[in-house]
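So you can see what is in the structure, the chains are spelled out below.
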Amino acid sequence: MDLAELQEIGEKELAARKPIRIRVCTAAGCLSSGALDVQKRLEEAVERASLGATVEVCAVGCMRLCCEGPLVQLDPESSLYERVSSDQAPSIVAGLNGGAVTARRCDPGRPFFARQKSIVLENCGAIEPERIESYIAAGGYRALYEVVREMNPAEVIDAVTRSGLRGRRGAGYPTGLKWGMVAKNQGPHKYVVCNADEGDPGAFMDRSVLESDPHRVLEGMAIAAYAVGADLGYIYVRGEYPVAIRRLETGIRQARRLGLLGTQIFESPFNFRVDLRIGAGAFVCGEETALLASIEGGRGSPRPRPPYPAASGLWGNPTLINNVETFANIPVIIRNGPDWFAAIGTEKSKGTKVFALAGKIRNTGLVEVPMGTSLREIVEEIGGGAPEGGKIKAVQTGGPSGGCIPAAALDTPVDYESLVQLGSIMGSGGMIVMDETTNMVDVAKFFMEFCMDESCGKCIPCRAGTVQLHRLLARITQRKATADDLARLESLCQMVKLTSLCGLGQSAPNPVLSTLRYFRNEYLELLGDDAATPSSTM
Amino acid sequence: MAKIQQKSPDADPGLAHPSGDNRFKMLDASMKRQRFQPDALIEVLHTAQELFGYLQDDILLYVAHGLKLPPSRVYGVATFYHFFTFAPRGAHTCVVCMGTACYVKGGETLLATVRACAAGENRESGENGPFVSVETARCLGACGLAPVVVFDGEVCGTVEPALAEARMKGWLQHGPG
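Taken in sequence, the protein lines are chains H and F.
Residue numbering for the first sequence follows our numbering, starting at 1 and increasing by one per position.
Residue numbering for the second sequence follows our numbering, starting at 1001 and increasing by one per position.
It should be emphasised that the hints constitute simulated quantities derived from the structure, not laboratory data.
We put the beta carbon where it would ideally sit given N, CA and C, even for glycine.
Hints are not guaranteed to be accurate.
Unchecked claim - From the structure, some residues in chain H lie toward chain F, with a derived Cβ separation under 10 Å:
1. CYS67
2. GLY69
3. ARG207
4. ARG238
5. GLU240
6. GLY297
7. ARG299
8. TRP315
9. ALA358
10. LYS360
11. GLY430
12. ILE432
Generate coordinates for the entire structure from the input sequences, incorporating the hints supplied.
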């Protein structure tokens, strides 16, 4: 494979494209609303109307507005239809010949779409995820060619460093710095691992990216492997994402067939193989050392750091771990240059961030905005605010490791630092909106129950502390707690936070601490009438 | 087609499992595909559960033997992950998502309804395990459709308690399977 062949595949694909394309969203959300049926009916209708020469139906990835699925869009007139039922599907085809369309129209210019900026999601909903030709026609694997044939590893790392890209999960560690460390360390093998264990309840960005644009992640991983000198990669995907797993398997097979993965990529000495590892349902495996233990086939127990995986990861070898969204940013940084990327976002947080908007909000779905966009813009303008005249009370970010941000702080621009200041974290990008009917103590208890169940049991502060915290929260919600219990809750939170081994335990108290900070009165209201008598048990 | 010679005796296709159960052959094939590497344990357990429905002790021992791992290690790993089950499932399964979005949209009430409904139906079931198994999921990643329930592998969004009840009552009329 060389550049000319790659371009030829792309041109052939574009030439074979029919003038009118009907794109049907087949990401997990729309699939469960019956998108496959809609696709079948559309194909039948095209055939019946003998429009096969000019019209084609394609299964594409996520079109973002999950709550109004299944979504169908027409090219080139770009009209969008929402909640399309299989009965309405033929009318869309009839509409091409001037017939009446019974499917509900959705305005593609509404703020939900217009306010977004697509970098990571640029191909989502546009290309066919199960066909590599479709990705190549959209300019795919061009960045990998440029890197492998025209740049040396140090230049690639320099480009990523200058772009200012930071890890899109958790703490936001500078990606270029991490790559540089792995590149510097020596070992018989080096590995690149893609963390697709999106365990945060309420987050589905990684699922959408993997289902809609799997090749982009593979390309990003291959570029990373070239830069750090790795020859083997693993993608650790949740077992709960069967569609993403299937599309990744297809993607890896196709890329290998074309010589874009495997040995002598683009006829260079660079080799890179990618394998899938399917998770088995353990939230703690999102922690990097636990994830590595799981890839090695063991229990997902974290270990103390240092040594960091960059020095000693899989089987003791230097290992680079990045998240799906981080890898998805890489091809576009190479293509458009680091300066272009660095111009987007805020001073310390560059680029865009994908959020999964859900909960008590009108428009639920996938949202990509530049860093520094205010929460109010995301929730009220893009998200359309609370449904049926409700009032937004809080926004929860970062899943069980994050916190609840009160409505009063909605004007905060979203970046890594500002969310930490508010007592939450960026996390992977789950954003759950809560309205006035949500009880915040209940929410804190919900997250604590989650952490209690998911604690791996290795260190005592997390194993025992989360159980005790959950018990205290249960007492409070049952109106049996006293002021003493509340004080104990707070001190125990600090203890668990400061003494736990890994990120799960260290961040488990965050939902309690942030709700205590902003909604303390809800806790106080639930304290029992006999608040004066000290409690005997804990 | 020339087969690659494996040193492990477990790879010998001539040695079928004494029970004559074909599924063991498929399990062998899956271990062979992973070249009997111990780090493929989780992959092999996934396959075993797909084949047998749940992981009995003798299957865990079989896997331990195949991958040359101590049984304690296999048991330790299998019990660590939520995905693996050790008891037979019902004829029908009902997985209620308890992710944050589903929780905020009334997942708990829904779970209570489903549990009550299943308890009613299971009273009439025979000895071959429960009729309906109710499970919870951490998050199915379909938060845009919350609350979500998976009825026999089919993901359904915005499920009202009444809808769930109707669906489960429907199973009872059709009988198991």
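Hints and how they fare:
Checking CYS67 of chain H against chain F: minimum C-beta separation of about 5 Å stays under 10 Å; hint holds. A cut of 10 Å between beta carbons decides the hint on GLY69 of chain H: the least distance to chain F is about 7 Å, and the hint holds. Residue-level restraint check for ARG207 of chain H holds (minimum Cβ-Cβ distance to chain F is 4 Å; threshold 10 Å). A cut of 10 Å between beta carbons decides the hint on ARG238 of chain H: the least distance to chain F is about 8 Å, and the hint holds.
The beta carbon of GLU240 of chain H is positioned within 10 Å of a beta carbon in chain F (closest approach about 6 Å), and the interface hint is therefore held. Here the hint on GLY297 of chain H is kept, as its CB sits about 4 Å from the closest CB of chain F, short of 10 Å. Checking ARG299 of chain H against chain F by beta carbon gives a least distance of about 4 Å; that is within 10 Å, so the hint holds. Interface restraint check: TRP315 of chain H against chain F, minimum CB-CB distance 8 Å, threshold 10 Å, status holds.
Taking 10 Å as the C-beta contact cut-off toward chain F, the hint placing ALA358 of chain H at the interface holds, the least distance being around 4 Å. Satisfaction of the interface hint for LYS360 of chain H is found here, the shortest Cβ-Cβ separation to chain F being roughly 6 Å, below the 10 Å cut-off. A distance limit of 10 Å between C-beta atoms decides the matter here; for GLY430 of chain H the minimum to chain F is near 7 Å, and the interface restraint holds. Satisfaction of the interface hint for ILE432 of chain H is found here, the shortest Cβ-Cβ separation to chain F being roughly 5 Å, below the 10 Å cut-off.
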